[in-house]
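Chains as they are written, first to last, in our numbering: chain A, 2 to 434; chain B, 176 to 272; chain C, 0 to 267.
Fair warning: there could be bad hints in the mix.
Selected chain C positions facing chain A (in silico; Cβ < 8 Å) [said to hold, decoys possible]:
1) 173
2) 175
3) 178
4) 185
5) 187
Derived EDC-like pairs (lysine to aspartate or glutamate); straight-line CA-CA distance at most 20 Å [to be verified]:
6) 182(C) - 150(A)
7) 380(A) - 425(A)
8) 380(A) - 258(A)
9) 182(C) - 288(A)
10) 252(B) - 179(A)
11) 189(C) - 60(C)
12) 189(C) - 123(A)
13) 189(C) - 4(A)
14) 431(A) - 258(A)
15) 182(C) - 123(A)
16) 170(A) - 123(A)
17) 250(A) - 181(B)
18) 170(A) - 253(B)
Honestly, the hints are just simulated from the structure, not real lab data.
Note that the coordinates shown come from a computational prediction; the quantities given were computed from them, not determined experimentally.
Even glycine gets a Cβ: it sits at the ideal position worked out from N, Cα and C.
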Amino acid sequence: MTDADIIVVGAGPAGSCAAIAAARSGKRVVLIERGPFPGSKNMYGGVIYPRILDELIPHWFETAPIQRWVVRRSTMVLSDTGALNIDYRSNAWGQAPYNGATAYRPDFDNWLAQQAVAAGADLICSTTVTGLLRDDQGRVCGVSTDRPDGDLTASVVIACDGVNSFLAKQAGLYPTADADNYTLGVKETLSLSKHIIDERFGVRDNQGVDIEILGGTSGVNGGGFIYTNLDTIAVGVVLKLSKLSAQKKRPEDIIAELKRHPAIAPLVEGGQVVEYSAHLIPEAGLEMMPKMVADGLLIAGDAAALCLAAGIWLEGVNFAMASGMYAGQSASAAINANNVSANSLKSYTDRLNKTFVLQDHKKLRKIPHLVLSDRIQHKYPAFVTGVVERMFRVDNPTPKPGVRRIVSQERKKAGIKLSELVRDALTGLKGFG
Amino acid sequence: MTIWPDISFQDRIDTSEFRIHERAHITVNDDSCRGCTTRECVVACPANLFVPTSDGGILFNYENCYECGTCYLVCNKEGAITWTYPEGGFGIVFHRT
Amino acid sequence: MTIAVCIKWVNYSGPVESDTPDERFAGFSFADQAALEWALRIAENSSDEVLVLTAGPVGAEAVLRDALSRGAHRAVRIDIDLTSDSSVIARNLVGAMSQPRMVWCGDYSNDRGSGSVPSFIAADLNIDQALGLVALELPENANASFAAVRRLDGGRREQLLISGSAVLSVEGSTVRLRRASLKNTMSASKQEIQVITATGGRMDTPALRPYRPRPRVTLAPIGLTALERVKHITDTSSSKGHGETVHAEPSAAATLILESLRKWGYLP
Ligand SMILES: Cc1cc2nc3c(=O)[nH]c(=O)nc-3n(C[C@H](O)[C@H](O)[C@H](O)COP(=O)(O)OP(=O)(O)OC[C@H]3O[C@@H](n4cnc5c(N)ncnc54)[C@H](O)[C@@H]3O)c2cc1C
Ligand code: SF4
Ligand code: SF4
């Protein structure tokens, strides 16, 4: 007999949801995490969209350790001195059934893993999985760990080991790791009093704000973000790895420059850095996704590059939770059917294809590369803010110029060809529309 | 607008908790680095752990590593970086991220 | 017999916002870890049982489970407020030990505790103590006496030979705690931990006051002018008189020294 029915590697959102789903269907589940507690190794921007939890943990919002409910979502386009801000507010998002919430991952992931324990899974922390065990026919049948006597066997292994997923790589499911497909996220957690945060961001009680920023990353392709927690704010940048080294700009200097931008400085002023952190993002979406199924093995969450990083979207936790849950369910079903071959486990990818997990990715397939392209990154912020600046500028006694003329002049000034503008608009429309 | 002084790099790193293990989980092969002109790691490592030495090599310290994976991805010299996770329970521990 | 190990649940680092550590950022110090490792090593060569104890709230059971997973046989938690007096903690720990052959402790805790629990334990058990050990050499035979080196103030060292029952406290650098096997880690989470409710008050200790020498009478400086008076105070060329060389047997010399100190006002 195997030591467990299902081994889940990594107690991030994907792993914990896989463990909850599998344990609920009566399987013996072991959830292995390399950090001293779940969430200790995990960092992100700051907003979780937990609606997918309705299925696994009804009333999750009553116990989940969240900081603030996001009721304002802004997208900022920054040029050197200007900023265009599109701001949406919905106070309805601050009430059940809610939309997004800011939370600290060492809190949230730990809470979610405890739900898996409550469902009957065994959680083992401070244990790094070092490899996959295979039977004589090459099928995955367990894992090895860095503990003495550290092998553990199971019918199915679900690898939820995050962006670097050495397990998916070891299983040969990733072709090659290409730096072009990843971005580096660095962020500062700044302490500010709750009162100041409420005033600066125009919120009260446990209402929060989510700001995504395009431009402002010192010429390195990427983007920025600001999120409000109860008494801290998170300020960070996401940087394309290949460009970072080419531009010879250090990550912390890019954050510092963003913080000095005239549109950002008043928001972050006086905030003391209480924590600095860094983590990778699998940025390229569908373009980089590995095979997610092998005999006795499933891959979910960031390990399968199921992270949506398309400019104004930075979502991964919800995709991780959903894919983890489906993986847990498919693994249980395969064990019940007494067949854990890749073919039998394929119900997992079928589920992903039918739900938002892959539908969103397919829809936005071209967006990540579009948003990170040199043109969007280096020319559009100046173009867009230039247009708006001229529209709102009052040059009396000169009469107001026509919008069409402004657009055409600013486009030329920014060095964008008309054909390029049309092409990008079409890609964008197709992608977002 | 006030421009407050940015904190020193050491102070920045000191805001993170590292439970340091005696084994180095990442090692850098100084010989490979001697021939490297691009030095991607030096710019990209968020913890600034790759330090060029005056004699053309690279000095690497593993203690304050965020375990992000940036270095092995940006380094395009086969075999220059040997990258593993630290022993379970050790390494970076985030608090409010 | 029992080898007892006392470990304390403390914050590893980061802000200490309350007296109760946050389980995620807490554990037991390297010194306590070393104490556990020595106890496990001795027990390996004997039929002794390793009993781990901690005093604290329910969250502290995390460190006991950790110790169990590394090979301790039994675990006891004294249910008590972490801010309790050291002597109360020590007395309760002793109450849960029942005639231990040895008691191992770390010589300091991460939270800058007073470090007095080991001495209180020795006093309550009425056995010897060897505190602040920086090196040890375990014998082949677990019951034989063994050599150890103790840290003294001012960087000095003291060689000890330890035999019989004793309370030992060690520094974290003496040895690194072993890693728990996977199977033990899994079973430790289900092992039983005995919980004992703390009782009793503080131990009687002699009233201690910080040492304060009696004030010494200094005569006002003599001299007509201010300059002369200042010279009188600050002048170093002439001796002010405590220097005296005598030849005497050690015991007589000691008496002389005490007498002089008393005369000069340094002793009551
Ligand atoms: C800067 C940044 C900003 C982001 N912003 C957002 C955002 O605002 N909203 C959002 O929804 N998403 C965001 N994301 C994406 C999101 O963080 C990820 O998509 C999500 O965490 C993926 O979850 P996961 O469970 O797949 O992986 P992870 O959260 O990475 O969890 C993997 C777990 O596996 C463990 N592990 C890894 N290897 C091993 C091993 N060998 N043995 C044992 N354990 C192992 C790790 O310790 C970790 O706990 C952001 C990411 C970054 C980097
Ligand atoms: S680690 Fe790689 S990128 Fe860095 S200096 Fe060495 S060879 Fe070059
Ligand atoms: S893993 Fe990240 S933090 Fe660690 S050395 Fe590499 S780049 Fe630096």
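Going through the hints against the structure:
1. 173: 22 Å, violated
2. 175: 14 Å, violated
3. 178: The hint holds - residue 178(C) has a Cβ within 8 Å of chain A, the shortest such distance being about 6 Å.
4. 185: 6 Å, holds
5. 187: 10 Å, violated
6. 182(C) - 150(A): Holds, because 7 Å separates the two Cα atoms, which is no more than 20 Å.
7. 380(A) - 425(A): 12 Å, holds
8. 380(A) - 258(A): Between residue 380(A) and residue 258(A) the Cα gap is close to 19 Å, so the pair holds against 20 Å.
9. 182(C) - 288(A): With a Cα-Cα distance of about 40 Å, the restraint between residue 182(C) and residue 288(A) is violated, given a limit of 20 Å.
10. 252(B) - 179(A): 13 Å, holds
11. 189(C) - 60(C): Roughly 12 Å between the alpha carbons, so the hint for residue 189(C) and residue 60(C) holds.
12. 189(C) - 123(A): 10 Å, holds
13. 189(C) - 4(A): Roughly 16 Å between the alpha carbons, so the hint for residue 189(C) and residue 4(A) holds.
14. 431(A) - 258(A): 34 Å, violated
15. 182(C) - 123(A): 12 Å, holds
16. 170(A) - 123(A): 26 Å, violated
17. 250(A) - 181(B): With a Cα-Cα distance of about 16 Å, the restraint between residue 250(A) and residue 181(B) holds, given a limit of 20 Å.
18. 170(A) - 253(B): Given pair residue 170(A), residue 253(B) holds - Cα atoms ~16 Å apart, limit 20 Å.
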